[in-house]
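A.B. asks: Given only the sequences and the hints, what does the whole structure look like? Please build it.
Residue 93 in the numbering used here sits at position 48 of the sequence shown, and the numbers go up by one each step.
Just so you know, not all the hints are guaranteed correct.
Said to hold, decoys possible - The calculated label-pair distances, taken between Cβ atoms and stated as ranges, are:
| # | residue 1 | residue 2 | range |
| --- | --- | --- | --- |
| 1 | 89 | 135 | 29 to 37 Å |
| 2 | 57 | 121 | 40 to 48 Å |
| 3 | 49 | 123 | 17 to 25 Å |
| 4 | 83 | 56 | 19 to 27 Å |
Honestly, the hints are just simulated from the structure, not real lab data. Since this is a predicted model, take the numbers as computed values, not measurements. Glycine is no exception: its CB is placed at the ideal position from the N, C-alpha and C atoms.
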Amino acid sequence: MLSWLLQRVSGLFLVYALAVHLWTVHVVDSGRLSWEVITTRLQDGTYWTIYYLLFIPAVVYHACNGVWGVVLDYNPPLASRKPLLLLFWVSGLGLTIYGYFGIQPLLGGG
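C.D. replies: See the structure below:
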């Protein structure tokens, strides 16, 4: 039940994140995308830091949980479910950490 709820919550947040992205790129920046525009925007304040601190784990959770649902649709043997679930959690944690390290320099975190 919790994974079902979190899938919906993360999905709603991702819809919001997409709307923010589209508004920022197409209205605020008027489609003028360059490295300087993007890095300046990301370093302008704590809003973008909070945005990406929430966005990265939401994407990873939503993707991993969605793929896990597909795996369960194929009804794998019970003995292989626990190792597969552990693999998904470890991979998700690794991807989240990788995402944080990847975005940190762009947010002004050196």
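A.B. asks: Taking the hints in turn, state whether each one holds.
C.D. replies: Outcome of the hint check:
{"no.": "1", "hint": "89 / 135: 29 to 37 Å", "result": "holds, 35 Å"}
{"no.": "2", "hint": "57 / 121: 40 to 48 Å", "result": "violated, 29 Å"}
{"no.": "3", "hint": "49 / 123: 17 to 25 Å", "result": "holds, 20 Å"}
{"no.": "4", "hint": "83 / 56: 19 to 27 Å", "result": "holds, 26 Å"}
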